[in-house]
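Student: Go ahead and model the full structure; you've got the sequences and the hints to work with.
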Amino acid sequence: MLSFLQVLSSGIAIGCVYGLVALSFVLVFKATETVSFMQGDLLMLGGFAGLALHLAAGWPLALAAVGAVLAVALLGAGLERVALRRAIGQPHLVAVLLTFGLGMMIRGGVASVPAAAQDMYRLPFAADTLGIGPLVLAASHVWVVLATVVLVLLLALFFRHTRAGLALRACSEDARVAALMGVPVARMHTLAWALGAGLAAVAGLLLAPITFVHLNMGFIALKAFPAAVLGGLTSLPGALAGGLFLGVVEALAGLVLPEGAKDVVPYVLLMAALLLFPQGLAAGRAGGGGR
Amino acid sequence: MSATPVAAPEGLRVLRAAFVWGLLLALAVGWLGADFAFSQATLVATYAIAGLGVVIIVGQAGQIVLGQGALVALGAYAQTLLVQAGVAPLLALPLAATVGALGGVLASLPAGRLGGLYFGMSTLAFALIVEEALVRWESLTHGAAGLMVPGFGLAGWQADTPLAQAAVSIVVLLIALALAARLLRSRLGRAWRAVREDEAAADACGIAPGAAKLRAFIVGGSLSALGGSLYAHWIGFISPEQFGLVFSFELLMLAFIGGARRLSGAVWGALVVVAIPQAIAVLRDTLPGDWARSAGLELVLFGATIVAVVLLRPQGLASGPRSG
Chain A
1 MLSFLQVLSS
11 GIAIGCVYGL
21 VALSFVLVFK
31 ATETVSFMQG
41 DLLMLGGFAG
51 LALHLAAGWP
61 LALAAVGAVL
71 AVALLGAGLE
81 RVALRRAIGQ
91 PHLVAVLLTF
101 GLGMMIRGGV
111 ASVPAAAQDM
121 YRLPFAADTL
131 GIGPLVLAAS
141 HVWVVLATVV
151 LVLLLALFFR
161 HTRAGLALRA
171 CSEDARVAAL
181 MGVPVARMHT
191 LAWALGAGLA
201 AVAGLLLAPI
211 TFVHLNMGFI
221 ALKAFPAAVL
231 GGLTSLPGAL
241 AGGLFLGVVE
251 ALAGLVLPEG
261 AKDVVPYVLL
271 MAALLLFPQG
281 LAAGRAGGGG
291 R
Chain B
1 MSATPVAAPE
11 GLRVLRAAFV
21 WGLLLALAVG
31 WLGADFAFSQ
41 ATLVATYAIA
51 GLGVVIIVGQ
61 AGQIVLGQGA
71 LVALGAYAQT
81 LLVQAGVAPL
91 LALPLAATVG
101 ALGGVLASLP
111 AGRLGGLYFG
121 MSTLAFALIV
131 EEALVRWESL
141 THGAAGLMVP
151 GFGLAGWQAD
161 TPLAQAAVSI
171 VVLLIALALA
181 ARLLRSRLGR
191 AWRAVREDEA
201 AADACGIAPG
211 AAKLRAFIVG
221 GSLSALGGSL
231 YAHWIGFISP
241 EQFGLVFSFE
251 LLMLAFIGGA
261 RRLSGAVWGA
271 LVVVAIPQAI
281 AVLRDTLPGD
291 WARSAGLELV
301 LFGATIVAVV
311 LLRPQGLASG
321 PRSG
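Protein chains in written order, with our numbering: chain A, 1 to 291; chain B, 1 to 324.
Errors might be hidden in some of the hints.
[Stated by the list, open to error] Label pairs and their in silico Cβ distance ranges:
| hint | chain 1 | residue 1 | chain 2 | residue 2 | range |
| --- | --- | --- | --- | --- | --- |
| 1 | A | Arg176 | B | Val87 | 55 to 65 angstroms |
| 2 | B | Ile175 | A | Leu257 | 41 to 51 angstroms |
| 3 | A | Leu146 | B | Val87 | 51 to 61 angstroms |
| 4 | A | Pro184 | B | Gly22 | 53 to 63 angstroms |
| 5 | A | Phe219 | B | Ala308 | 21 to 31 angstroms |
| 6 | A | Arg187 | B | Leu174 | 47 to 57 angstroms |
| 7 | B | Leu109 | A | Leu257 | 21 to 31 angstroms |
Note that these hints are calculated values from the structure, not bench results. Where is the CB? At the ideal position from N, CA and C, for every residue including glycine.
Tutor: Laid out in structure tokens, this is it:
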């Protein structure tokens with residue numbers, strides 16, 4: 001029972017990371033119809049940027065994290081202005097190739113920094129643990145869950161109560177009508193990319209204490225696809241729930257199934273979800289609720 | 001001459017293409033030396049065969065496929081295992097292509113329920129599952145350690161010189177091109193184009209979109225697997241990671257650069273995709289400093305090529321010159 005709870009807690013923590021990446025993916029997809037294959041690279045960049053500001057530039061950890069998220073968000077907005085907006089209105093494949101290429105450039109850019117290419121890094125509090133009775137939780141897992149909850153609350157407030165958030169939602173529902181109502185659609189696309197990139201960077205910083213910061217940490221974003229699809233690909237709460245579900249199922253599969261089978265679970269789930277519930281698990285209930 | 005008015009320009013086109021490519025090859029031999037030129041020609045032809053599969057599925061039938069690398073991998077592994085078991089390589093080629101066709105059938109199963117992007121996602125899942133299976137099924141595939149591939153030979157003759165390998169690849173490529181061109185002119189080719197342009201309209205005209213897509217994957221899968229089986233012979237070693245997501249995107253880029261509307265697009269795209277790493281190698285030697293020697297440069301330049309092509313020619317897949 002105790003080991004079950006331990007596994008469950010790590011599954012929830014990693015599920016939060018999946019959920020955040022899926023959230024960033026869905027945010028961009030809903031607002032701009034762009035399928036982003038660079039979320040993993042933005043995540044990796046976020047991790048490295050935080051690390052560089054903390055270790056190399058000597059900023060305090062919290063400030064470095066905020067700086068890294070802002071920098072990656074700015075990069076996302078910049079890329080939208082320069083390149084990504086050309087993919088709007090084109091077939092999906094154009095955006096897929098474009099974001100994949102940009103992702104490669106980001107990965108290559110980080111790889112050509114010698115210090116980044118050679119080592120794996122951990123953040124200082126990575127090894128701390130919290131004891132609750134007999135249960136021992138990794139501090140990093142608790143951090144991830146807390147940060148996700150706060151972030152999601154902030155996002156919910158932003159989408160419900162701010163002008164920009166409402167405009168972004170309107171733009172996601174129907175860009176043409178939103179434009180007619182005076183929403184600056186192009187600026188909303190930039191905002192969506194900034195948010196999407198920033199969220200990916202946050203996921204990278206949260207992932208940093210759980211795994212290491214290394215060049216290939218972005219591969220985790222491949223598992224955010226199943227999470228996003230499980231949530232229906234256009235639902236923000238769905239993406240988060242899909243990520244949590246995936247993290248927990250994957251962790252439990254590691255407990256029950258033979259070694260190695262765990263890694264296939266997300267993709268088998270993706271296939272099953274696409275075949276059985278093409279509209280997402282909550283499709284019957286939500287009916288296009290666009291939060 | 002009993003050529004019909006339609007066939008005559010076709011024949012002329014083939015002649016012109018043969019002239020252009022012959023000239024290119026001759027130039028390459030003169031400039032780069034025979035062995036290097038032929039080994040690069042081998043790679044171009046092999047990539048082109050695998051790329052033809054993408055051209056058929058993406059350019060002709062209009063389906064998004066994000067996991068073509070898995071079909072190439074199936075061909076490469078089938079060929080290697082068959083040849084290791086003692087089957088003659090030439091005999092194993094059609095068998096490997098059949099395995100690819102079966103893989104294509106599997107990959108296209110979700111097409112009945114999903115369209116467009118969602119279907120593309122399912123091919124991605126398919127590819128990731130195949131890659132994971134190749135890593136985990138160690139008794140058969142030796143997992144991530146990979147397999148050594150015996151050379152390509154026929155009744156005592158071994159294709160071990162660059163010239164022989166180039167000849168084999170080019171012959172197979174020509175056969176594949178001829179078969180594909182024949183298919184595109186058939187009822188099936190028209191059905192693919194109809195499905196690509198408007199699925200509902202095609203359906204209303206009595207074309208079953210599901211069947212057309214399934215056949216596109218059978219043809220595309222077997223072509224890609226054929227390319228994979230030759231690739232395995234030429235490289236001499238295969239492992240699952242060679243055929244991962246990056247390779248799938250390389251094939252997509254190949255079709256995108258060359259133009260997926262025409263079969264010849266696969267060959268032009270293959271030329272560019274094979275040339276990029278070579279150009280990068282040259283650049284690396286000429287650029288000063290340590291920065292140029294880092295592994296990151298290759299990624300950056302490869303990514304920049306994709307981005308540049310997509311930005312400069314976004315219509316590469318969508319509305320290229322229509323001479324299908």
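Student: Just to be sure I understand the hint, the distance between the Cβ atoms of Arg187/A and Leu174/B should be within 47 to 57 angstroms; is that true here?
Tutor: holds (53 angstroms)
Student: Could you see if the CB distance from Arg176/A to Val87/B stays within 55 to 65 angstroms?
Tutor: holds (59 angstroms)
Student: Per the hint of 51 to 61 angstroms, is the separation of the Cβ atoms of Leu146/A and Val87/B within bounds?
Tutor: Holds, since Leu146/A and Val87/B (Cβ atoms, about 59 angstroms apart) stay within the stated range.
Student: A range of 21 to 31 angstroms was offered for this pair. Does it hold for the Cβ distance of Leu109/B and Leu257/A?
Tutor: Since Leu109/B and Leu257/A have Cβ atoms about 24 angstroms apart, the given range 21 to 31 angstroms holds.
Student: The hint says 41 to 51 angstroms between Ile175/B and Leu257/A; measuring C-beta to C-beta, is that right?
Tutor: Given a distance of about 44 angstroms, which is inside 41 to 51 angstroms, the answer is holds.
Student: Does the Cβ distance between Pro184/A and Gly22/B fall inside 53 to 63 angstroms?
Tutor: holds (56 angstroms)
Student: May I ask you to test the hint 21 to 31 angstroms on the CB atoms belonging to Phe219/A and Ala308/B?
Tutor: holds (25 angstroms)
When held up to the earlier numbered hints, the structure conflicts with none and fits them all.
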